[in-house]
Structure formats: structure tokens, C-alpha cells
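Engineer: Below are the chains, spelled out letter by letter.
4 protein chains.
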Amino acid sequence: MSDRPTAPDPDRLKDWEQRTEVPLFAAALVFLTGYTVRVLAPAGAQPWRDIALALVAATWLLFAVDYGVRLRLSGQGRHFVRAHRLDTVVLLLPLLRPLRVVKLYTAVQQRREQPRMSLYARVMTYAGITTVLLGFSAALAVYQQERGAPGSTIRTFGDAVWWACATLTTVGYGDAVPVTPGGRVVAAGLMACGLALLGAVTGSFSSWLLQVFTREDEKRPPESV
Amino acid sequence: MSDRPTAPDPDRLKDWEQRTEVPLFAAALVFLTGYTVRVLAPAGAQPWRDIALALVAATWLLFAVDYGVRLRLSGQGRHFVRAHRLDTVVLLLPLLRPLRVVKLYTAVQQRREQPRMSLYARVMTYAGITTVLLGFSAALAVYQQERGAPGSTIRTFGDAVWWACATLTTVGYGDAVPVTPGGRVVAAGLMACGLALLGAVTGSFSSWLLQVFTREDEKRPPESV
Amino acid sequence: MSDRPTAPDPDRLKDWEQRTEVPLFAAALVFLTGYTVRVLAPAGAQPWRDIALALVAATWLLFAVDYGVRLRLSGQGRHFVRAHRLDTVVLLLPLLRPLRVVKLYTAVQQRREQPRMSLYARVMTYAGITTVLLGFSAALAVYQQERGAPGSTIRTFGDAVWWACATLTTVGYGDAVPVTPGGRVVAAGLMACGLALLGAVTGSFSSWLLQVFTREDEKRPPESV
Amino acid sequence: MSDRPTAPDPDRLKDWEQRTEVPLFAAALVFLTGYTVRVLAPAGAQPWRDIALALVAATWLLFAVDYGVRLRLSGQGRHFVRAHRLDTVVLLLPLLRPLRVVKLYTAVQQRREQPRMSLYARVMTYAGITTVLLGFSAALAVYQQERGAPGSTIRTFGDAVWWACATLTTVGYGDAVPVTPGGRVVAAGLMACGLALLGAVTGSFSSWLLQVFTREDEKRPPESV
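Chains as they are written, first to last, in UniProt numbering: chain A, 1 to 225; chain B, 1 to 225; chain C, 1 to 225; chain D, 1 to 225.
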């Protein structure tokens, strides 16, 4: 907190971030929808494809503007880029944008003053939401790369979703596999994330299970120590 | 406990659940047997297939009646559905019903006043029973979807069981793979469960192993610290 | 300790077990060697194959005699079979016999009064030895089942070892896959063990790594808390 | 510390190791570059290939000399070989040499007096660097073995990198698989490392995630216990 140049107006930055939270999330959904339509619309539906492209471009511009404003408000320059590395990556790969849903979900839950889920339930919920969004985005991106490629085994969007399932769980049947360089780069990214998510789900589920059994043990009188 | 509408008669609900435990488990076994016969009986054995279908329908009706009675007795309406999400899923996918064996197994063990297994042994036992039942059910369901499909690589029930083994362990050879949309949906469900089970088995086995070695260390005098 | 029928002569059982430890391990090695020769010897080397078969039969008889003597000495009957479930499995599947090397290794190390390895090092060493032995035995058994099967992809012993590596690590390329029922049963067993070993290695390696880093942290004065 | 023959001049050994740290790392990079050029240079660029071979040989000689000097300075003989098992392996498989980057990275960070990364961040950083270097080295070695082999599915260096990704994450599609004995040995090594890294990344990521959530819980007043 003290070893970085003090921001000129941290309150205005916080204010901006709170105000733009919901609109930006809506924009992220529009972006995802636009990209989905762009990729999945049949070749004949040209007007739809054009509208989708326009939406994607417009929302991306929005994200860029938001990033610029926050960079300004923070007054940190290079430090901001380093401290918000994830935001920078998301700007360059806006398909990851809807992952902000996790942040919004937390915010909404805090406002509603709902009884909090247990630690493990939250980790599993967030990891689950992240997996579904990542898998869907990767399936879209891979499908876009692969559908026209010669020798491709991913010919329908259903194949791409099936491929994403098999990859995220590290099962990897190999019946649907990207063959283009672009598709393989997306796949490598998904694999790395799949590993990390595997770690989170694995860790929290087994910790939770052990906790459940430990608690059960404590309830019963220890007649058989 | 206090932030939900109080049930009108929690004792009657508990009573009902205790009384129906064994009959419902028997019904679940009948359901699984009926479904197994329905799927595996040769096309010629029409009467057997009809009996099996009747059994499946009758037991499913039983489950629905039980769910309705419990919903009534709880007097919680929508809250009951949310609090018993797993029961609701099991009602819609009755093939998962025999998973209740775990509950029964615990109950039986408690009645017998047997010396309790260690924490890790129980987690591993339950995860093991769940794996075998899940794998068998998934193999049945996938076999039903795939056996007639063109280009299918799962042609016998043995292939389906082999596929289930390779999927649950996330090995995923890819020599037997579902190709129909229905089969792939079942497979995606099995993969997700495979991951979760992997977490439970992995976590408890390695915890147990570390415990064993730690205990061994404590027994020996620390001559080589 | 107190809730089982007391053995008539526990000292004689212990004595027997200590005396037979080394000879039985030697017999297990002879068994493994015999089985290896039986499987890998070229079809022309009939005398060698016959000697190998005789060795396998003789050592198996030895194991059966040992099991019988221990069952007698314990005087527990059915309880002995239940308490030594692993021994019973090993009697029926003598290929798992050399796994006793782990027990012997511990015994030898204790006699030599060597400075003990750390907890994690021991878990990893034992899991490693077990993996290598299991993988080798499974490769032998699968090779025996598969080599003559039509459409088999495991045609040399090298293929079988390669298949065992890919299976134990759950990579599962699918280029070498058992196609016979016998081979698939062996493979399913190896997969289950692969999962368990994955858990042990994964758990102990990551625990060890975290310990190393934690210790390093404690050494350095906390100048940057 | 006390149960080994005392080194004649431990200070000189330490001094040597500190002085040679940076030059040896530079040599390791030269080695890796040389090997990369040797493997990837087109067949026509003979002079480049010859220069690369010379570089590889020269740097390997450097490593051998360093090992010899350290063996001398330590004055421990056989004990040195056993205590520095990893160094001995690295001498025989110099492709693993650049893994020393991890050591150097720590040293550099200590000199700069930078605020230390958290425990989990460091484990993940080191495991990440190790993975990338191991994967790249294995891809190079497998490509060298496989490119000319009949029936090979790894025909370009891109294929080799793709294969390394799928192997390290244990996904294992099986579309690119080594078929030569040499390539399979490299692959088996990479698989074992992939498992260990999976353990480290899995363990530290999930521990970190749980820590983050636990800390968050502690910050909020416990209104809903």
C-alpha cells in the first residue's frame, strides 16, 4: 500500500468501478452473444452476421475506453498495467470478459445480505461458473478456427462443445481434435486452465468431503476409539 | 435452522423417511434391474422387455409418490425443492437412485453397532460404491444410445463398461467413444462426476497414506532428528 | 485388539512371518522371473518355457503353503481371511506378490539403522517402487492376452510397456489399447491403481514442495511482511 | 552435517559455486540454443548445424569440468555423487540443464531485495518455468527422434510442441504420438514429470484459492454463523 506512488484520486477510481460494474457486465454479455451469433449464424444470414460484428466491435471499444479511464483515474501508469495484469489480458482477449460474472455474482450476493455459502461451496460454484464460460468461449473460438480446415474432426458446434468437455476434464479421447495452429493455441490455453480448475475443484471437493466426515465423527460419542 | 419456515410436522417427515428407507432402496434396485433387463435383453425376448418396462414405470411412480408425500409432510413447498435439490435431480434421473445405497449402508452399519471404519476408509468406500454404480448406470445409458448408431464404436455392453472405466479414470483412450448427442450428454455428466470422484479418492487416499507414515514416525523413538 | 478372538499362539505366527520374509520375497522374484520368461520367451525355446512354467507353479504352491500355515497359526479361521484381505488377493493374483518388496525394503532399512528418509521421500519412494512393479506386471499380463488377438495394437512387449506408462499417468493416448476381454480387465485394474498412485504421488510431492518453501520462508528474517 | 566426512574446503566450494552460477547458466542457454538450432535448422544449412554441434559439445565439456572441479573441492568422492544426484543426472542429460534457471531466478530476486512473492505464487511460478522448459526440451528431443520415422504422427516441430502440451496436462489426445523407442523413452520421462508438476500446480493453486477465501471470510464480520 505504501510502496507504490499514491493514486491522485483513489475514490474516483473506486466510484467509477462500482458504477460501471453492471453496465460492463451487460456489455460483456452483448459481446459474447455477438461473437456467438457471428460464429454460429449460417453463411446465408449475412445481415445478422454484420450486426453481430458491429456489436462485437462496439463493446470491445467500450472495454478499451473503460480500461483507459481507469488507467487515467489511477494515475499509476505502468504500475497500473502491472497491478491489473488480468485486466490487460482480458482487454486483449475479450472473450474472457464474461468471467467477470464471478465478481458480479459476489457483489450481488453481498447486497442481498444472503446467508453466505460455505467456503467450499463458493469455491466450487465459482470454479464451476468459470469452467462453463471458459469451455463455451473455447468451443466457439476453436469452432471458428476449425470448421473450414481440411482434415478437421470438429465440424459442428456440438463437436466443439464435446471437445471442450473432454479437454477440460483431461479425459482427451482424441476423436475431436484441433488441427489448425490457431485452434491448437486456443486448446493449449484451455488445457492449462483445465488443469488449474481441476486443482480447485479437486482440492475443495475433497476438503469438503473430509470436513463433512470429520464433523459427523465429532457428533457421535466416541464409543470406539 | 431458524431462518426457514418451521415444518408443520418434522417428526412425521422423519418417521416417513425412516420407514420408507428400506422399501425405497429395494425399489431402486428393482428399477436398476428393470432398466438393465430392458437395455440388455435380446430383441427376441419381448415379454421380458415388457415386464422390465412395467417394473421401471411402476418403481418410478413409487419414487414420485414418495417425493410428493415428503413435500407435503415438510410443508415447505418451494423451500423443500431447493433444500433437497439432489432428491429432485434423482427424481428426474431415476438411474441415479441406487446411489442411496450409501445412505442405507451408513444406517445399517449404525444399527449393527459395528466398530466404525476410519474417516479415510469410509470416504474411499463411499466414493468406490458411488463410482461403481455411476459407471454401471452410465454404461447402460450410453449403450442404449449408441448400439444402433452409424459409426458407433460402442457396439457391445462390454465396450460400454470399458468406455466407462477409461472415462471415470480420465484416461480416455478414445477407442470407444459416444458419437450420438444423447450418448455425449451422458458422457459429459460421467466426466464431471469422474473429476469429483477423482478428487475425493485422491484426497482421502493421499491423506490416509500421509497419516499412516506420520503415525509410524511417532511410534519410533526419534533417534535421527 | 481386544474385540477379536485371541490367537492361540501369536508369537509363533510372528516368528513364522519373520523367518519366511526373505525366502518368500526370493520366491516372489522367482515367480516374477518365471512368469516373465514364460511370456517373453520365443515360441521356439520350449524347454525354457517349460522350466518357467514349473517355477511359476512351484512358487505359487509355496505361497499357498505359507498362507495355510499362517491361517493355522493364527487360529482365527474366517477372521484371518477378513483381516488379511490383501494377502488373500495376492494369493489369487500372485503377480502382485513382488509388491511385498516394500515391506522388505522397510525391514532392511530398519536393520541397517540408516538415517530415515523424510516422510514425503518415503511415500514417494514406495509409490514409485509400487508403480514400477505394478506397471511391469500389468504390461506382462496384457501382452500375454493381446499378442495373438486379431486387431490388437499391442504387438510387442515394448508396446505393452508403453501402454502401461500412458495408462498409469492417465495420459491415455489410445495408440496401444487392449481389445480382448482379459486384457481389458487387467487394464481396468491398472487404471484404478494408477488413480490411487496419482493421489499418493500428487499429494506427497505437493505437500513436500509446500514444506520446502515454508521452511525457506522461516529461515529468512521477515523483512517484508 | 556431522555424519559425513568433513569437506577439506567447504568455503572454496561455495565460492566456486557462487562465481560459476551466472556463467554456467549462460552456458546452459547456449547449450539449449545450440541444440535447438541443431534440431530445427533445415538440412541445407550445414554450416549452422556444424556450429551448433560445436557449441553443444563445448558447453557440455564446460559442465563436465564444473562437475569435476566441484567433486574435487568437496573432497567427498562417492558421497558427493550421492548427495548431488540431481546434478549427476543433469550432467548425463544436459538438456535438463536450463532448469537451473529456477535457482538463478531466486538468487537474482534475493539480490534485488524485492518484496517476496507469496508462497503459492512462487511455487506456481517455479512449476510454470519448469514446465515450459521441460516441455520445450522434450518437444525438441522427440522431434529429433520422430521426424524421419515411418508412420510417425509428429512431422513438424509444431506437432511436437502440441504433443508436449497434451502430454504434460495428461489430456493425451493421441493424434500425435511417438512411435520410435527413443521418442517413447523421452515421452515416458515427460509423463512422469507431468504428473509431478500436476501435483505441485494442483496443490498450490487449490491451497491458494482456499487461503484467499478463508482470508475473505475473516475480514467480514461473522453475521451469519
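Treat each hint with caution, since some may be false.
[Unchecked claim] Label pairs and their calculated CB-CB ranges: (1) Val-30(A) - Asp-87(B): 33 to 39 Å; (2) Ile-129(A) - Gly-128(D): 53 to 59 Å; (3) Val-81(C) - Gly-182(D): 37 to 43 Å; (4) Asp-87(B) - Ala-83(D): 58 to 64 Å; (5) Thr-156(C) - Thr-88(D): 41 to 47 Å; (6) Val-89(A) - Arg-19(D): 35 to 41 Å.
The hints are simulated quantities; they were obtained by calculation from the structure and are not laboratory data.
Remember, predicted model here, so these are calculated numbers, not experimental data.
By construction, the Cβ of each residue, glycine as well, lies at the ideal position given by its N, Cα and C atoms.
Engineer: Are Val-81(C) and Gly-182(D) spaced within 37 to 43 Å by their CB atoms?
Structural biologist: Hint violated: Cβ distance 48 Å, outside 37 to 43 Å.
Engineer: Kindly confirm whether 33 to 39 Å is satisfied by the beta carbon distance between Val-30(A) and Asp-87(B).
Structural biologist: Holds - the Cβ-Cβ distance for Val-30(A) and Asp-87(B), about 38 Å, lies within 33 to 39 Å.
Engineer: If I claimed the Cβ atoms of Ile-129(A) and Gly-128(D) lie 53 to 59 Å apart, would that claim hold in this structure?
Structural biologist: Given a distance of about 24 Å, which is not inside 53 to 59 Å, the answer is violated.
Engineer: Take a look at whether the Cβ-Cβ distance between Asp-87(B) and Ala-83(D) falls inside 58 to 64 Å.
Structural biologist: 60 Å Cβ-Cβ, so the 58 to 64 Å window holds.
Engineer: Looking only at beta-carbon atoms, does the pair Val-89(A), Arg-19(D) fall within the given range of 35 to 41 Å?
Structural biologist: Distance hint for Val-89(A), Arg-19(D) holds at roughly 40 Å.
Engineer: Quick one: are Thr-156(C) and Thr-88(D) within 41 to 47 Å, going by C-beta?
Structural biologist: Given a distance of about 32 Å, which is not inside 41 to 47 Å, the answer is violated.
This entry does not satisfy hints 2, 3 and 5, going by the numbered hints stated previously.
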